[in-house]
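Can you build the whole structure from these sequences, using the hints too?
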Amino acid sequence: MERIDRLVRTWIASEQEQEIEDTVKEIEQGNANLLHVVKSLGEYLTSEEDDLRTKGVEFLSLVIARCPPEKLNRQSVRTLVAFYCGKLEDTETIIPALKGLITLTKLPLFTSIDAVEVAKALFAHVKMNVLVQSQRFMVFTIIDNLVANQREALKNMGDEFIRGYVGLAEGEKDPRNLLLAFAIDRVLLIEFETTKFIEDFFNITFCYFPITFRPPPNDPYRITTEDLKAALRSCLHATPAFGKLAVPVFLEKLTAGSPVTKKDTLDTLNVCLPVYGPAIAREFARKMWNTLKLEIFQPTDNVTEEKALKTMQVLIQTIYAAPAEQADDAEIEGLAKEACEECIQILREPEKSQAKHAIKVLCAFMSTTASVARFTLARAVPHFVKLFLDPDELPNRTPTLRLLADLIEAARESTSHDPEVLPEEGNVPLSPYKDEVIGVLTVGLKTPATAYPAIDALKSMVRTPGLLTDEELGFVVHNVNEVLQQDEDETDLSEVSLDLLCTVSAVAPSHVSGNTLPLLFSALPDRAPPRDADAERIKYWRTLASLKKLCTQPDLFETLVIRLSTKLDLLCVPSPSSTPTPTEDLEPAAAYAHSILKTLADVLSAKIELGHTDVVKYIDRLVPRLYNLFILSAIGAEERPMVATDPRLLAVAAQIVTLVTQTLTAPRQETFVKSVFAAYVDGDVSQLTEGIQKVPAGKRFSPLQPGASTYQKNLLVLFSAAVIALHKEVTLPVPDEVAFLDGLLQWIVTHAENALQREALMHLIAAVVNRHAEKLDAFLSSNIDGFWTSQIANQSASPEARRNAISTFTWLTKALLVRGHARATQNVDRLFELFDDEYVSWDAARAVGRIPGTDKVLTKKNHAVLRILYAQKYCNSVLPRIIEGAKASANSPRQNAYLVALAALIKSVPKSTYAHEMPSLMPLLLRGIDLPDNEIRAGVIDTLHAAAVSSEKDNAIIAEHASSLVSTMLKNSLVTQMPSVRVRVAALRYLAILPSVVRYDVLHPQKATVIRELAKVLDDPKRVVRSEAVEARTNWFKFTG
Amino acid sequence: MSLEQLAVVSAPQITFDPKYPDRVTVEFTPTVPHCGMSTFIGLSIRVRLLRSLPQRFKIDVRVKPGSHQSEQALNKQLNDKERVAAALENPALLEVLEQCLSTAGRTPHED
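Here the protein sequences come in this chain order: R and L. Numbering of the first sequence is given in this note's numbering, commencing with residue 1 and proceeding in unit increments. Numbering of the second sequence is given in this note's numbering, commencing with residue 1 and proceeding in unit increments.
Keep in mind that the hints were calculated from the coordinates and are not lab data. Values in this document were obtained by computation on a predicted structure and should not be read as measured data. Be aware that one or more of the hints could be misleading.
Calculated lysine-lysine pairs in the DSS-like style (CA-CA distance at most 25 Å, straight line) [said to hold, decoys possible]: (1) R:Lys856 <-> R:Lys887; (2) R:Lys253 <-> R:Lys287; (3) L:Lys19 <-> R:Lys1016; (4) R:Lys434 <-> R:Lys386; (5) L:Lys58 <-> R:Lys1016; (6) R:Lys1022 <-> L:Lys58; (7) L:Lys81 <-> R:Lys1038; (8) R:Lys356 <-> R:Lys310; (9) R:Lys337 <-> R:Lys244; (10) R:Lys887 <-> R:Lys911; (11) R:Lys873 <-> R:Lys887; (12) R:Lys1016 <-> L:Lys81; (13) R:Lys1022 <-> L:Lys19; (14) R:Lys337 <-> R:Lys293; (15) R:Lys598 <-> R:Lys617; (16) R:Lys861 <-> R:Lys907; (17) R:Lys907 <-> R:Lys971; (18) R:Lys293 <-> R:Lys253; (19) R:Lys694 <-> R:Lys728; (20) L:Lys64 <-> L:Lys76; (21) R:Lys229 <-> R:Lys263; (22) R:Lys1007 <-> L:Lys81; (23) R:Lys1038 <-> L:Lys64; (24) R:Lys293 <-> R:Lys263.
Listed below in C-alpha cells is the structure:
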C-alpha cells in the first residue's frame, strides 16, 4: 500500500515508465489491487489543480492498460466505467479518460449496461471539433470496440445512438480516422435500423466520394489511396437505400470528373448497382445509358472504355436478373431493347468507326443474362445477315463480317464458362441462327478480303461447345479446304485457315483427317521433281508446311506418319526391276526425302513441347521403319546408288530417333536399346527393323566390323541417336561396359573414315560416360590415360590424328564436366600441357574453351546428368589461369594458345560468367584480333561488340584503344585484306557501334578516314557485308560533336 | 507512316539501264502536286544513296512526270551538285535531314 503511494507520488513528479511498470507488477503479484491505486491517487483525482487531475487520471489509465484483465473484477470495471464517464465532462481529464475507456471497452467484463452508459457519455460530452486527430482516433476506437462487442445493446438504444454517432462522425477529415469511421458506418448501415437517418449517412459518406487523397511522403500510418477507396466503397454499397440519392451523384462525377474519377466511379457503380437493386437501376437506366454511351462511343482511353462496358453489363444484369429467368424471350423491354435498337441503328453503316463501338456494347450484352443475350442475337444476327446479302452493301461485306465475327466470339465467351458441362442441344444462344450464319460465312470465304473475318467467325463457332453438329463441322472443313487449295501464293490466309482446321481437329479430327489430309497428301508427288522444277519443289514444301502445322493432333499425326513413311519408302527404295543407272541424279530425291523427314521431326518436337503422350508409341510404328529403310539402303548401296545414304538424311532420322527415345520410360528404353545393340553389335536386325522391303537375307549388317562399307559405318549415326537420350538407370546390353567403350574409342582411332562416324561415336561415348561415370572408373583412369599418351601426347602421331583424338577427348571431358565429376579438371589440366606443342597447341586451346559450351547431346531433355552452373564453376577456375597465361610472356606461341583458349571460352559460356573480368580481358581480346585465324577473329570481334553494346557510355577502355580499334576493324572489313565474310561483317558491326560508345572528340581524327574507307566496302561482293557497311557508314556520318 | 507506305517511293520507280551499270534513276511521286516537302524528300533520297552506294554510281533523282506543279525546277535543283552540297553545309537543314533519315537503317541493337 505504501509502496503504491510512493510509486504514485514519484510518477506524478517524474512521469517515468518505471513507476507504471512497478505498479502493474505489484498488482500482478497480488501485493496490491486497483482499489489501492485509486486510494493512493485519491487526492490527485479530485485535485483542484488541472494539471494534477490530468496526471492522476492519466496514471490510472496507463496502469489499467497494462494490468492483466483477470485482475479486474466486474465491480471494479463498473466503477471505473462510471468514473471515466464522469471524467469525460472535465475538459482537463477527457483525454486520459478516453484512454482508460479504450482499455475498458475491450474487456470481457464490460457489459451492455456499461456500453450504453459510455455511448451516452461520449455523445453528451465529447466535442469532436475541439479534439486533435489522435484524440478523435480514440473516440472512434471506443465506438468501434462498442460496435464490435456490444452491438445488441447499441441497437436497443435506437435512434439515440445513430444520431449521436452521426454527430461524432460528421466533418472528419483524417484518413486514419476515416478508415475506422467507414468500417463503423458499414456495420451500422447493414445491421442497424437506419432508415430515418439515411440522408445523414449519405452526407457523412458520399461527401468523401471520389477519394482524391494522396498519401504524404513518409506517412507513418501507410494508408494508401486504395485502402481508403476500398473502405469507402464498402460503405457506399452497404445499403440499397442509398440508391436514389447515390446514382445522381455518380452520374454527375462521371460527366464532370477527371479520367481517374471516372474510373473510380465506374468501379464503384459496378459494386453498388447490384445492391441498389433493379428498381433503382430501372429508374435511372436511361440516364445511365446516356452517360455510359459517351464513355463507350467517345472513349478517353481504353481502360475507361472497358470499365464503362463493364458497368453497362452490370446495369443490364441488375435490371434483367431480378424476375428470375423470364420464360418468354420476347419480353425484353426497357433499356436493353432501347440500347440494342440504338446500336443496330449505328450498325447499319458497318464501315463507320462508330460501328466498332456499337458492336462492343452488343458483345458486352452477350455476357449479361441469358434472355438479354438471346434478345441481342435475335436482333443483331439477322441484321448482319441481311446486310451481308444486300447487293447495295457489297463493298461493306468485310466490315460486316468482322462485326459478326466479334459478336460470335462474344457469344462463345459467354457460354464457355465451364468446359466440362456441355450445354443441352439447342440451348446455345446462337443455335437458331447457325444455318444462316454458316451460309453467310461460307460465302465470305470465297473472296480473300472477307475470308479473314469469316475464318475468325467460323473459329469462334467451332470453339463454341454444343453449337455445330458433326455434319456441320464437316461442311466447314470442306469449305476451308477450298480456301487452302485456292491460296496459291502463300498469303497469311492459308496460315489462318490452317489455324481454323487445327481448331476443328481438336474437337473433330475425323473431318480433317478424312477431308483435308487426303487433299494435302495427294498434292505431294510420289517422285521428287527434277532439279530445275523450282515451282513444284516450292509446292511440296508448302504442302509439307501445312501438314506440319495441322498434324500435331494425335489422330492426325498417326495418319501423317503412315502416309509420309510410305512416301519415304517409295522415294528411297528403287523398284527391284528398274535397272540401276549410275548417272542418276539422286539429289532431288534426297532433298524431298529430307523435307519429309524434317516435317516428321518438327511435328514430333512440337508434340513433345505440348506434352503429347502418344509420341511413345512411335517407337514401334515409326522408328523401326526408319531403321529398316536406312539399313536396307546402306546394304543396297554397295551395289547401286541409294537415296537414303545421304548423311543429311541420316542426321534428320537421328533427330527423330532421339526425339522418340526421349519420351520412353526407362524399361521401354532398355528393350529398345537391346534391339539396337542386337543389330549393331551382333548383326541381328530382325528385332529393330520392320517394313515391307526386307533386308536381304544374304547380306550382313555389321557397321562396327573393320571391313564394313562406308555406308554401313555411316549408320553409326543412328546407333548413337538411340543411346544419347537414355535414362541413367538404363544399362547397356553388353557384358562389359568398360571394354565396350574402350572398343569404340579404339574404333574411332583405327576404323573411322569421316567426321560423321567419329562424331556419332564421340556422342555415344560421352552420353554413356555422362550417365554411368561412377561405374566406369577403370575406363576413366587407365583407358583414357592410355588414349591420351598414345593418341594425343604422342608426338610421332600425325597432327590430323591427334586433332581428332583431342576432339574425342573434349567430348569425354564435357560429359564429365556437366555432371561435376572430379576427373574433368584433371583432363583440362592435361590440355593445358599441350599449349607448348608445335602442331596441336591451338586445337588443345580451342578444346579448353569449348568444353563448357552447350550442345545438343548432353541436354536435360536427353536425360543427361547435369549439375547446375557447371559452366560458371568451370569459368571461375579456368578463366584466371588463361588470363594469367596470356599475360605471362609476350609473343610466344604458348601465349597465342592462351588467347585462342580465351576466345573460344568466351564464345561458349554465358556472358555473365566473365562480365566481371571484362577490364582485364579487354587488352587480351584486342591482341586476339590479330591472331591469324578467321574464326577466332570473328569470335573476338563479336565479344568486343557485345561488351561495347552493354557497356555504359564513355567506356574508358574502348576510348583508350579507339584509334587502333578503328584501324584494325577497317583492315578486317576490306575484302582485299580479309577473305572471311563473317569477319568482315563482325568488324563492320563493331565499327557501327563505336560512335555510340566513344566520345566524339576521341574519334574525330578518324572520321574522315572511316567514311572514305567504308566507301570502298560499299562495293563488297557480298550483299550482307554491303548492308552492314551502309549501316556503319551512316552512323559515322551522323557522328558529330 | 513512311514514304513507302504513302507510295511516294516504290521499287518499280527505281530503274537502271544494264548498258550503264553505274547509273541509277530514282523517281518519286509527291502526294499532291503542290507538295512543299518535295525538295526535301528528293534531297533525303539523294543523301541516303550518297552514303549507301559506292562512289562509282551516278544517281538521278526525279519526281514522277506530271506529278508536281514545278517539276522542271525541282528536277534541276535535285540534280545540281553545287546546290546539294550547299544544302548539306547548312547545319539546320542537315539536322532535319538526319531526322528524316533516322529510321532509314536498322534501329540500333535490332539484330
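Going through the hints against the structure:
1. R:Lys856 <-> R:Lys887: violated (34 Å)
2. R:Lys253 <-> R:Lys287: holds (13 Å)
3. L:Lys19 <-> R:Lys1016: holds (23 Å)
4. R:Lys434 <-> R:Lys386: This hinted pair holds, its Cα atoms lying about 14 Å apart.
5. L:Lys58 <-> R:Lys1016: Status holds; Cα separation ~16 Å.
6. R:Lys1022 <-> L:Lys58: Holds, at about 21 Å.
7. L:Lys81 <-> R:Lys1038: At roughly 21 Å apart (the allowed maximum being 25 Å), Lys1038 (chain R) and Lys81 (chain L) satisfy the hint.
8. R:Lys356 <-> R:Lys310: Judged against 25 Å, a Cα distance of about 16 Å means the pair holds.
9. R:Lys337 <-> R:Lys244: holds (23 Å)
10. R:Lys887 <-> R:Lys911: holds (22 Å)
11. R:Lys873 <-> R:Lys887: holds (22 Å)
12. R:Lys1016 <-> L:Lys81: holds (21 Å)
13. R:Lys1022 <-> L:Lys19: holds (22 Å)
14. R:Lys337 <-> R:Lys293: The hint holds at about 15 Å.
15. R:Lys598 <-> R:Lys617: Given pair Lys598 (chain R), Lys617 (chain R) holds - Cα atoms ~19 Å apart, limit 25 Å.
16. R:Lys861 <-> R:Lys907: Holds: Lys861 (chain R) and Lys907 (chain R) sit about 23 Å apart, inside 25 Å.
17. R:Lys907 <-> R:Lys971: holds (23 Å)
18. R:Lys293 <-> R:Lys253: holds (15 Å)
19. R:Lys694 <-> R:Lys728: With a Cα-Cα distance of about 34 Å, the restraint between Lys694 (chain R) and Lys728 (chain R) is violated, given a limit of 25 Å.
20. L:Lys64 <-> L:Lys76: It holds: about 13 Å lies between the C-alpha atoms, which stays within 25 Å.
21. R:Lys229 <-> R:Lys263: holds (12 Å)
22. R:Lys1007 <-> L:Lys81: With a Cα-Cα distance of about 23 Å, the restraint between Lys1007 (chain R) and Lys81 (chain L) holds, given a limit of 25 Å.
23. R:Lys1038 <-> L:Lys64: violated (30 Å)
24. R:Lys293 <-> R:Lys263: This hinted pair holds, its Cα atoms lying about 15 Å apart.
When the structure is compared with the earlier hints, violations turn up for hints 1, 19, 23 and for no others.
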